[in-house]
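From first to last, the protein sequence lines stand for chains A and B. Residue 4 is where the first sequence starts when you use our numbering, and the numbers rise one by one after that. Residue 103 is where the second sequence starts when you use our numbering, and the numbers rise one by one after that.
These are calculated hints, taken from the structure and not from any lab test. Hints are supplied without guarantee of correctness; some may be wrong.
[Unchecked claim] Not close to chain B: a few residues of chain A, all C-beta gaps over 12 Å, as computed:
no.	residue
1	Pro39
2	Ile150
3	Arg243
[What the hints assert, rightly or not] Only pairs whose alpha carbons sit at most 35 Å apart, straight line, appear in this in silico DSBU-like list of lysine-lysine:
no.	chain 1	residue 1	chain 2	residue 2
4	B	Lys310	B	Lys349
5	A	Lys13	B	Lys111
6	A	Lys21	B	Lys295
7	B	Lys354	A	Lys21
8	B	Lys358	A	Lys20
9	B	Lys219	A	Lys13
10	A	Lys20	B	Lys310
Backbone N, C-alpha and C fix where the C-beta goes; we use that ideal spot for every residue, glycine too.
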Amino acid sequence: MYDIEELEEKWRRYRRKKLLRLFLWALLIVLLLALPLFYVEVYSEKEKTAVKKSRYASIGSEESISKQEVNVSRGQINEKLQKHTKASPLLQAVPPSMKEKKYSQVKSKRPKMQITFTDESHHVEDSTKKEGAVELSMVKRNDAAVIRSIEKRFPLSHNYDDAMYLAKYYYSKHRYKKAEYWAMQANVVDSTKAESWMLFAKAKAKGGHRTEAIRILQRYYDNTGDSQVKLLIDAMRKGRKF
Amino acid sequence: MSCRYTDAKKAFIDEVKTDEYIELEGSRRAFLQLTHSLRKSTKMVLIYGEPGTGKTLLLHRLYEKYREQMEIHLLDIPSGTRQEFYRKLFRIFTGKEMPPRTKVDFETFVAFARRIKGKRNIVVLLDEAQMYPKEMLEEIRVLSDTGSIKFVIALHKTEDEDLVAKKHFQSRIWETIELRNATPLELNAYIHKHLLHHGHNELASLFKDRHIKLIHRWTAGNFRECNKILYTLFEIYEHYDKHDPQKIDYNKISIKHLEMAAIKTGFIHV
Chain A
4 MYDIEELEEK WRRYRRKKLL RLFLWALLIV LLLALPLFYV EVYSEKEKTA
54 VKKSRYASIG SEESISKQEV NVSRGQINEK LQKHTKASPL LQAVPPSMKE
104 KKYSQVKSKR PKMQITFTDE SHHVEDSTKK EGAVELSMVK RNDAAVIRSI
154 EKRFPLSHNY DDAMYLAKYY YSKHRYKKAE YWAMQANVVD STKAESWMLF
204 AKAKAKGGHR TEAIRILQRY YDNTGDSQVK LLIDAMRKGR KF
Chain B
103 MSCRYTDAKK AFIDEVKTDE YIELEGSRRA FLQLTHSLRK STKMVLIYGE
153 PGTGKTLLLH RLYEKYREQM EIHLLDIPSG TRQEFYRKLF RIFTGKEMPP
203 RTKVDFETFV AFARRIKGKR NIVVLLDEAQ MYPKEMLEEI RVLSDTGSIK
253 FVIALHKTED EDLVAKKHFQ SRIWETIELR NATPLELNAY IHKHLLHHGH
303 NELASLFKDR HIKLIHRWTA GNFRECNKIL YTLFEIYEHY DKHDPQKIDY
353 NKISIKHLEM AAIKTGFIHV
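Looking at chain B on its own, in the form it has when it is part of the complex (with noise of 0.2 Å):
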């Protein structure tokens, strides 16, 4: 008993993994229109939506699906100067590493681009596209201009740079997929299947609709803002385990320490 909140705690770590994918209405939707979008001759794909939508996990699930079966690759951290972004087109298209005090101008990649053009479907994920420099995303366009070149894009939809971004590869965009903060419903199943993955049926069990509402209230259905809200409350049960157990009933989740996560999270100001 006294370990199952630390363990609950870690189920709700905010990182990427594929494994401990939850799948919910609206992402099981944006996958297979992603899927789908992959096998027509489109040049370019968006992926927009607030930040904790789930962006990135969606690129790395596909990323994970598909790698064995097609040329797919995935830049899930943006590259800071032109020269980095070079290194991994070159490590893309050629497979290997660009050996080091090597120059390779852009020409020469559009060059290559046009050759192996129905030789090849190359698939680039591009996750943080809205952190690409202006003079990079022009590169990305007229790369995705060959037509032997897919690029997938993720932006954020709120911040300036995505308008910026999304301006730039909007004549060029063939498909948009839009990822929604969740439902309370979705939220609720998130949440349930989360802890369920996890081994934690017991504690799932005790996340009532009043729970699941005020969670969604805080969080406006965002799973990264909701993993933290968990985490956290989580996070004050172990404390209490440990040090003042007479302060928790064990068989339900109490509304105040719920709130006190809320509190400590800041989606409650005091």
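In isolation and in its complexed conformation, chain A is listed as follows (with noise of 0.2 Å):
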């Protein structure tokens, strides 16, 4: 045999060739296996970046607060206060210009908040049924299925009284991660609204943020002067029920 140095060269060429395509092969199978994993990650990743995003939007960020989220100006939310005065019992309780008015005597007329429920429908009615009470009666239907119903009706119709509905029920249920992101939901729907507000910061204080839940509805007030939530600034402040 005289060529058995040529064949020797040969085969290592083939060797490396072999080891290669073994690498190349072995490098497809962990892309393969690694790509679902790195999808979800990604995905995950993607979900959590838009619900932080969402909560700073609306607010968790105080400049998106102050400048952009909110975006209403003084006068345009105590226009808005003032048409909802006449229609909503609710905040007749509440003087409309209880800014102007001395602090003092907002406090003697503070109204109380009772959560009550009832069978009739699973639509938030504000009522009160006596002066400077307020009442939010809401529906009860005994399962957790109208509970989820709600929910999964919600990223299609984005109904405000929907995640109201959901954050004060979970607010009852003393579940207040829950009652936290419904009203953050409420408010991405509605960010005028002081109830969604209010009861953020309630979950929020009640979860064991208190400074950040009176830091936020200070913040509100600032801007809009609403009467409702400088009571419960106050009562968070003070260490009162609230």
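Join the two chains into one complex using the hints; note that each chain is given alone, in its own frame.
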């Protein structure tokens, strides 16, 4: 055999190709296995970011509260409040120009907030049974099916009342994280309504973030001058029940 | 020790040696079937399979086994011309060489074949039948129709001409035997038996399943191709044994050297 060296060289070349092929296959397999994991990772990261963004956009970020998200001037809000006072018995309980009055006057007429359940309908209804008392009447259908169905339809409906209903429900069940989440969702739908701000702050405070809750409410109060908000801020500051 | 690879190499030289025949399950079955069909009143028997599956060896074995017992003739080299074919036929029929410058026409052979019907039973083993011209195949067909001469025809399976020949004989073929490539198990038996037959017990024991699998993958179980690889493998070992003994381990067959043999014989393209 005279060509043994050439043959050895050919074998070395073959060996290199074989190893390279093996390496590429291994790489391909690893990639194929890693791809779904990577996709899941990226997807969940995106979801987290989206949730964070929406949270900051609506409530979390002070800047966005003051400059962008709220984006409603005091005058506009007062206007809206005046309109709502005419229509809503809940708000009629609170004098419209509360901000102009002295805080001590407001304090004497502090409304009581109650969350009660009725079996009549599952829409949130605001009603005032007696002067100075705020009663939130809510639906109770005894089962979690209603809650689930509302949660399910919310991504399609983006209904403010639905979100608030859920927020109140979870708040009443002492599930403050969920209450926070749904109050925030309601706020995303309509950031001008004090109710969602207040419930969000209350849930936040109950969840152990009282300072942050006060800070958020204070910022809202500075922009709107809402008397109920002021009352709530005071209650929180002085450690009273709210 | 130094000459064992040289001897082993010689064991895998591709030539028909009936005394070195390795009995494998597939070939044993084919041989029995062929023997059985020789006793039947069939006009033609067709043996077909890819090159290197053992058709020629099967015909040789049959010839060796029955040459003393019956009137059997082996035409292992195809006749290029009609005259050459007639010459062979003349010798088969008369047992003598055809005198020079003598011409015999085909009708004479047919008439002779008819005359000996029932008196003689001639068997002609025809190897590489796909190489015969179409006219000669026609004459073979006519001769087999006389009933006094039986043809056992070996054909390649994969080439175009075999299809022509097969089609040509189709109505006259009574028995068909297909020879297939060896399974890994058969190939293992083939290699081991071959080495043992040549007294290389030690070398035979060095061939493990992984070696057989590789050889089978490259050769698809073809005996001729397997012989080529093993011949080259032992040639490589022979070289190292003489010139570079530190490159080989005498106690095992290296995959590297097997791959080198496959590169050399063209089973691995680099």
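Structure-based check of each hint:
With a least CB separation of 33 Å from chain B, Pro39 of chain A remains clear of the 12 Å interface cut-off, as annotated. At the 12 Å boundary, the C-beta of Ile150 of chain A stays outside the reach of chain B, the nearest C-beta of that chain being 64 Å off. The claim that Arg243 of chain A is not at the interface with chain B holds, since no C-beta of that chain comes within 12 Å of its own (minimum 83 Å). The straight-line distance between the Cα atoms of Lys310 of chain B and Lys349 of chain B is roughly 20 Å, inside the 35 Å bound, and the hint therefore holds.
This hinted pair checks out: Lys13 of chain A and Lys111 of chain B have alpha carbons roughly 22 Å apart, not beyond 35 Å. Of the pairs offered as hints, the one joining Lys21 of chain A and Lys295 of chain B holds, with about 32 Å between alpha carbons and a cut-off of 35 Å not exceeded. Between the alpha carbons of Lys354 of chain B and Lys21 of chain A the distance comes to roughly 22 Å, so the proposed pair stays at or under 35 Å and holds. Taken as a hint, the Lys358 of chain B and Lys20 of chain A pair is honoured in the structure, with Cα atoms around 14 Å apart against an allowance of 35 Å.
A C-alpha spacing of about 63 Å is found between Lys219 of chain B and Lys13 of chain A, which places the hinted pair above 35 Å, so the restraint is violated. The suggested pairing of Lys20 of chain A with Lys310 of chain B holds, with an alpha-carbon distance near 25 Å, which does not exceed 35 Å.
Against the hints set out earlier in the document, a violation occurs for number 9 only.
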